[in-house]
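Produce the entire structure from the sequences given, and follow the hints as far as they go.
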Amino acid sequence: MNLTEIVSTGNDSTIPPLTNAYRGPTYFKLTCIISQILGVLMSVTCLWAITAFYKYGKRKGRWNRSNKEQFTSMMLANITPCAMILRLINSQIVIVIGFVSEVDEGGNFACEIATDNGIFLYTLSILPTYLYFWSRQRILYRQQLVSDLNTIFVKLFSYAAILFGIIGGFGAAVSLIIPNNYQISEFFCMSTLTKPFDQTPLYVTGFILVVAQIWIFCLFLYPLRALQSINKTSQVGTSGLNDYLKNRLKRATVVASLSMAMCASTDLLATVLVASIIPMTTPTCISMTIYDFSLMVNLYSLMLSHMECKKSVLR
Numbered sequence: 005m006n007l008t009e010i011v012s013t014g015n016d017s018t019i020p021p022l023t024n025a026y027r028g029p030t031y032f033k034l035t036c037i038i039s040q041i042l043g044v045l046m047s048v049t050c051l052w053a054i055t056a057f058y059k060y061g062k063r064k065g066r067w068n069r070s071n072k073e074q075f076t077s078m079m080l081a082n083i084t085p086c087a088m089i090l091r092l093i094n095s096q097i098v099i100v101i102g103f104v105s106e107v108d109e110g111g112n113f114a115c116e117i118a119t120d121n122g123i124f125l126y127t128l129s130i131l132p133t134y135l136y137f138w139s140r141q142r143i144l145y146r147q148q149l150v151s152d153l154n155t156i157f158v159k160l161f162s163y164a165a166i167l168f169g170i171i172g173g174f175g176a177a178v179s180l181i182i183p184n185n186y187q188i189s190e191f192f193c194m195s196t197l198t199k200p201f202d203q204t205p206l207y208v209t210g211f212i213l214v215v216a217q218i219w220i221f222c223l224f225l226y227p228l229r230a231l232q233s234i235n236k237t238s239q240v241g242t243s244g245l246n247d248y249l250k251n252r253l254k255r256a257t258v259v260a261s262l263s264m265a266m267c268a269s270t271d272l273l274a275t276v277l278v279a280s281i282i283p284m285t286t287p288t289c290i291s292m293t294i295y296d297f298s299l300m301v302n303l304y305s306l307m308l309s310h311m312e313c314k315k316s317v318l319r
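The working numbering puts the first residue of the sequence shown at 5, with every later residue one more than the last.
In short, the hints are calculated from the structure, not lab data. Some hints here could point you the wrong way.
[What the hints assert, rightly or not] If you anchor each label on the Cβ, the simulated ranges turn out as follows:
(1) Leu160 with Arg69: 26 to 34 Å
(2) Leu90 with Tyr304: 32 to 40 Å
(3) Thr155 with Pro183: 40 to 48 Å
(4) Ile117 with Pro283: 17 to 25 Å
(5) Val208 with Gly65: 14 to 22 Å
(6) Ile182 with Glu73: 35 to 43 Å
(7) Tyr31 with Val215: 33 to 41 Å
(8) Val215 with Glu190: 33 to 41 Å
(9) Glu73 with Leu277: 31 to 39 Å
(10) Leu277 with Ile182: 14 to 22 Å
(11) Asn184 with Thr155: 44 to 52 Å
(12) Arg255 with Ile93: 57 to 65 Å
Positions of the beta carbon are idealized from the N, C-alpha and C atoms, including for glycine.
In structure tokens form, the structure reads like this:
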């Protein structure tokens, strides 16, 4: 039975016609189970990250409220995996609904609410990552060697970057929460095929995420390049100081570059996969798992800023 035949088998009830006939390939049920297992593993990883950040901050004295920048940075680092756990729990709920709900209007409503809630939680999960890196660049600009670079233009550029990410991200999320966009099928929730699914909000969301990350990355790159120039032309007599600055600069450059590159590439890849490659008949749990993986990469990129987190957990 092809897609045209599936859609045409509907009746006059309020239930979308597709739900009365569409079952999908048998491996769809298996992929939902795999998504459930992966969700549990990612939740455990988030719990590990929470422990790592807390112990790192405690060992390094970063939980001292007297240093507001460092305290805020550690708070955001801990909030990120906490928000991700809420998103992962919601993803599990979507899978459970697909298995236990009846193929009726109530099942459609449950799929719609759970999936729309997942979109909101995705935005809520990725926001602390943006705020974290944004707070890190603010700390960087307060260093004495680059304080002259913290001009009015740079400050405006900085605030514009975070406002673009917050307003644009939530705006794109709201545009994705469309009524009657998801429905129940035999074993899983899926996109409604009785009406065309507009992919534009997905592309807009991906564009906003990537642009905001590149924007913040530029705020790192500007002072780091200036510091590199200072380090090359400096006539400081103590070679140890030059070596120290060079090592700190190299580490900061590598960490910022890798972190922002990973965030931007994985968010873009997830959007392209869901919007252009994965068929509309694919279970919603698969697309949600793809986005969950992109959140995990964002978490890992955040942890790159704290290279000693792993050691702090093992001690």
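_For each hint given before, does the structure comply? Return the numbers of the non-compliant ones in rising order._
2, 5 and 12
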